[in-house]
Amino acid sequence: MEQSGASLLERDLAKLIVQTLKLKADPAAIEPEAALFGEGLGLDSIDALELSLAISQTYGYQLKSSDPQIKTIFSSLRALAAAIEKNRTK
Amino acid sequence: MSLAWRQQSERGSHTGIRVMVWVAQVLGRPVARLLLYPICVYFLLGSWPSRRAIAQFRKLALGRPAGWGELFRHYHAFASTILDRVYFLRGQFDLFDIRFHGLDVLDRELAKGRGCVLLGAHLGSFEAVRAMGLLGRQLDIRILMDEQNAPLIRGLTQALNPAMADTVIQSGGVQALLQVKECLERGGIVGAMGDRVTPQDHAVACTFFGHEAQFPTGAIRLARVVQAPVVLFFGLYRGGNRYEVRLESFDDDALLSHNRRDADVTRDVQRYAGRLEEICRLAPDNWFNFYDVWHRSN
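Here the protein sequences come in this chain order: U and G. Under my numbering, the first residue of the first sequence is numbered 1, with each subsequent residue one higher. Under my numbering, the first residue of the second sequence is numbered 1, with each subsequent residue one higher.
Each statement offered as a hint is correct.
Here are the computed distance ranges between Cβ atoms for each label pair:
(1) Gly40/U <-> Glu185/G: 21 to 31 Å
(2) Arg275/G <-> Ser56/U: 25 to 35 Å
(3) Gly63/G <-> Gln57/U: 50 to 60 Å
(4) Pro151/G <-> Ala34/U: 29 to 39 Å
(5) Asp166/G <-> Glu33/U: 35 to 45 Å
(6) Gly28/G <-> Ala34/U: 57 to 67 Å
(7) Ala61/G <-> Lys90/U: 46 to 56 Å
(8) Asp146/G <-> Ala25/U: 22 to 32 Å
(9) Gly28/G <-> Ser56/U: 50 to 60 Å
(10) Gln170/G <-> Gln69/U: 13 to 23 Å
(11) Gly40/U <-> Asp166/G: 26 to 36 Å
(12) Ala25/U <-> Arg242/G: 50 to 60 Å
(13) Gln170/G <-> Ala25/U: 29 to 39 Å
(14) Lys90/U <-> Arg18/G: 53 to 63 Å
In short, the hints are calculated from the structure, not lab data. All values derive from a computational prediction rather than experimental measurement. We treat Cβ as the ideally placed atom computed from N, Cα and C, and that holds for glycine.
Using the sequences and the hints given, assemble the complete structure.
Following this line, the structure appears as structure tokens:
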């Protein structure tokens with residue numbers, strides 16, 4: 001499957017997700033708009049936490065529990081990439 | 001373990017709990033404890049799914065069928081811990097004789113400044129964790145739990161100690177886990193249960209009293225992800241006004257010599273189940289999972 005119009009950051013982020021969570025999936029097969037957690041890739045909230053640590057390390061964006069947008073941020077690759085783009089420090 | 005516990009409604013109405021709180025506070029613990037007798041007889045005779053589960057557990061744990069007296073004692077231990085929760089929540093620890101074992105384990109972990117995960121079970125009273133504040137320790141304790149499935153307990157906590165209700169982190173979702181991570185980063189303690197499977201949980205099959213039972217991996221995986229040490233916590237009820245708090249280190253050498261994230265979670269959950277089994281043998285009346293634990297979940 002080809003990612004339909006994924007940005008460079010989205011593609012990098014897909015790789016980071018696969019690498020961090022040791023998924024067998026092909027990063028290019030993660031659809032930018034598809035649900036990341038729950039049914040989609042079978043990821044749970046602990047995976048999301050692990051991913052947030054990797055994002056903090058890679059992009060210098062520390063996700064916080066007080067962020068009201070937290071659920072939206074983790075809803076898809078695209079939403080996550082957009083939040084990183086906005087908040088990244090490296 | 002199985003999801004069967006979720007299918008059992010919490011017996012005892014809100015009114016019943018309110019009456020109990022009133023009796024506990026106004027008439028005092030000795031009188032309230034007398035009332036536990038008819039209440040326990042009522043549940044012993046009236047709640048056969050829980051009675052069957054207790055009988056099944058005791059037979060496996062003790063290797064012989066349980067008589068009515070033993071079943072009654074089991075209900076009575078449970079009812080006692082529920083009643084004592086009222087006093088624990090109000091900070092009336094002077095009513096109790098609480099013995100602590102292994103506080104040095106906790107001190108050692110906390111001295112490293114990165115907090116720790118206290119891994120407990122529905123065995124005795126996890127609420128006894130609050131008693132640790134007694135020992136002159138300023139502990140930042142949060143408890144990760146599925147409060148939505150314990151509305152009575154939640155109501156009780158909110159009524160008696162709203163500040164303590166705020167220390168509960170409602171499990172489920174990344175926001176809760178970020179709260180856990182933030183608490184640990186401040187050097188705080190996060191309490192979690194390792195024995196009941198919820199629909200959101202990953203679970204693995206473990207040997208528990210010689211038979212296969214499902215245990216959730218969540219608490220241990222969480223600790224590994226945030227690289228926090230795990231300390232086992234058991235608040236055992238020992239009859240009368242006696243409690244025994246046991247803290248034990250859990251992270252073994254094999255784990256410490258590797259990156260925590262790569263440790264074998266399944267192996268660790270089995271180690272937890274094994275230790276839980278040993279503690280259950282020491283205090284079988286404290287087992288408060290009143291459902292068929294060995295039933296395979298789907």
